[in-house]
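Asks: Residue strings, one per chain:
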Amino acid sequence: MTTSLLVQSTIIGLSIGAIYILMALGLTLMFGMMHIINFAHGAVYMLGAFVIYYLYFQGGVPYFAAFAAAMVLLGVFGYLVERGIYRPIKGGIEPTLVALLALSTFLVAAGYPVFGQLDKHVPPVFEGTRTILGVSLSVERLMIIPIAAALVACLYLFIKKTKIGAAMRAIEQDREAAALQGVNVNVVNGLAFAVGFALAAAAGALIAPIFKLDPAMGDQPLLKAFIIIILGGLGSIPGAILGGLMLGLIDSVVATAFGAEPAFLLSFVFIILLLLFRPAGLFGHAA
Amino acid sequence: MRRKIVIPVGLGGAMLLALLLPLFSSDYYVYLFALVFINVILASSLRPSLMCGQLNIGHSGFMSIGAYTSALLAKNLGMPFEITLLCGALLAAVIGLAIGYPALRLRGVYFAMVTVAFVEVIRLIAQIWVPLTNGMSGLSAIPKPNLLGMTLVTKTDQYYLVLFLMLVVLAVLWKLESSRLGLIWKSIGMADNLAQSLGVDIAKHKLLAFTLGCFFAGVAGAFYAHFIRFLFPPEFGFLMATNILVYNFVGGRGHFAGPIVGAIFLSLLSEPFRGSPYETIFFSIAMLATILFLPGGLITLPGRLGGLCASRTLAARVPSRVA
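Quick mapping for you: the protein sequence lines, in order, are chains A and B. Residue numbers for the first sequence follow the numbering used here, so the first one is 40 and each next one is one higher. Residue numbers for the second sequence follow the numbering used here, so the first one is 2 and each next one is one higher.
Check before you lean on any hint, since a few could be wrong.
[Stated by the list, open to error] Looking from chain A toward chain B, a few residues come up when the C-beta cut is under 7 angstroms (computed):
| no. | residue |
| --- | --- |
| 1 | Ile76 |
| 2 | Pro134 |
| 3 | Leu136 |
| 4 | Val137 |
| 5 | Leu140 |
| 6 | Ala148 |
| 7 | Tyr151 |
| 8 | Gly155 |
| 9 | Leu262 |
| 10 | Phe265 |
| 11 | Ala296 |
| 12 | Glu300 |
| 13 | Phe307 |
| 14 | Ile311 |
| 15 | Leu314 |
Derived by calculation from the structure, the hints in this document are not laboratory data. Note that beta-carbon positions come from the ideal geometry of N, C-alpha and C, so glycine has one too.
Between the sequences and the hints, there should be enough to build the whole structure, so can you do that?
Replies: Right under this line is the structure:
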């Protein structure tokens, strides 16, 4: 592998890692508060990409407006999922997981008759290439990194500085105590669903101009996000960020050298080994 | 008193129907019911693991291992079905042990995620190991089951084979569940900390339940390979694994009959749209509706309806007594 190829795959790895981080953050936030894993996260990512397809490409709405619309629409959807699925099942972790799994398979399968069988493509938003360290890279790919970083920074500020963020942290520490202090646990859980869904939608919206769109497009990023949060430790936000960067780099560098499938197999083997020797993840506390 | 009569008569009737089915129905139904029986094996073999509170979303991966092992041994080495079946099931169990050992030390959510990733890994291996599995072109021309020196040529013969396999698997699982082991599984599922404090080795029993399920999934896969005679890696993906879970939840997790009822009911009802996205849509809606409105599953439906009727007749009787 030449140096320029290494530089190129590293930068692409960062951009892929940024997408994975957006996926993993929502999952880990929801896990920390409710001890559930949102199996529908991949489907939400897919829906985010399709919002861009219909609003930006078909509807002619400016890209950033379509991007915001994807986040808002799916955020509202997330809140409704909390009301309609999570809240009625109340407490049962296993039935909740299975219900979210069913929601995911439903959204993906319904995508075929609704969006059509053919793959969709969104034309590039940011044209051109830029040369970095002697390697030319498409601006489209590069733009993912600052946008994702801005979203992560917003999430950080939201969780650390706002009242709702404080309520989320309180629920994460002790649900009953938070409720006793006057936190409306249901509404805050709903908002966590909304934030998680909005971040997944953002990831899908960012990737829409780069990859082809089809209803099953969310499966792979979902699996990667699972691997990331196991790697980083469930519930840990710094863990999700570091895990996402690591996996993005492994993915891109190993895939450039050996192909995409060995990269995935390698990350799975890595997870099994990690679980054997450090079950709480690299940065997590005990499960 | 009535239960004592109804259950054996019902089971005997179902048995008789299953035995006689090929005599009075077309090949299509024989084929369909053979597939239903495969689904029953898959659904019931997931039950021990579910009883221990382990959400295994990777069951179809083990079926895939059984299917490919059995098909390749028969196709390339000409081995008889009784040996390929055993090899397929054993390999599925061994791999289940290897995955289960690290994963089962964890709480349910981690376990569920690892099993999802595992399905993908198995699918990818089947896809990229082209010299062995023929990759995405699919493995075709798998020999028909060759049992005890004779080849089962017709679908009817194969139907009786899978009926026999299903009955053996169900008998073994029933025997285990109604033994002390079943109680231990139930206790782990209800409160693993409590079970552990009473001296139950929960890791060992979870692993046993999981490996047992993998073994029988391998059995189902081995038969499937020689019955359909064509294997295609994506078929054993995440969707099939989800369906196996759906059978258990829709049928009901509270009783041994749950997965059996769920598998039969859903496989027959979804038959008109098998293979299309509408099958998945149907399954997901059935699943969501069951979890939200009938958490105990279909097997609790007669009891619930009975309860409803009883309360209504009671309500009707009360005023008359007053009058």
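Asks: So, for every hint listed, does it hold in this structure?
Replies: Do the hints match the structure? See the list:
no.	hint	in the structure
1	Ile76	5 angstroms, holds
2	Pro134	5 angstroms, holds
3	Leu136	6 angstroms, holds
4	Val137	6 angstroms, holds
5	Leu140	6 angstroms, holds
6	Ala148	4 angstroms, holds
7	Tyr151	4 angstroms, holds
8	Gly155	11 angstroms, violated
9	Leu262	6 angstroms, holds
10	Phe265	4 angstroms, holds
11	Ala296	15 angstroms, violated
12	Glu300	5 angstroms, holds
13	Phe307	5 angstroms, holds
14	Ile311	6 angstroms, holds
15	Leu314	4 angstroms, holds
The earlier numbered hints that this structure contradicts are 8, 11.
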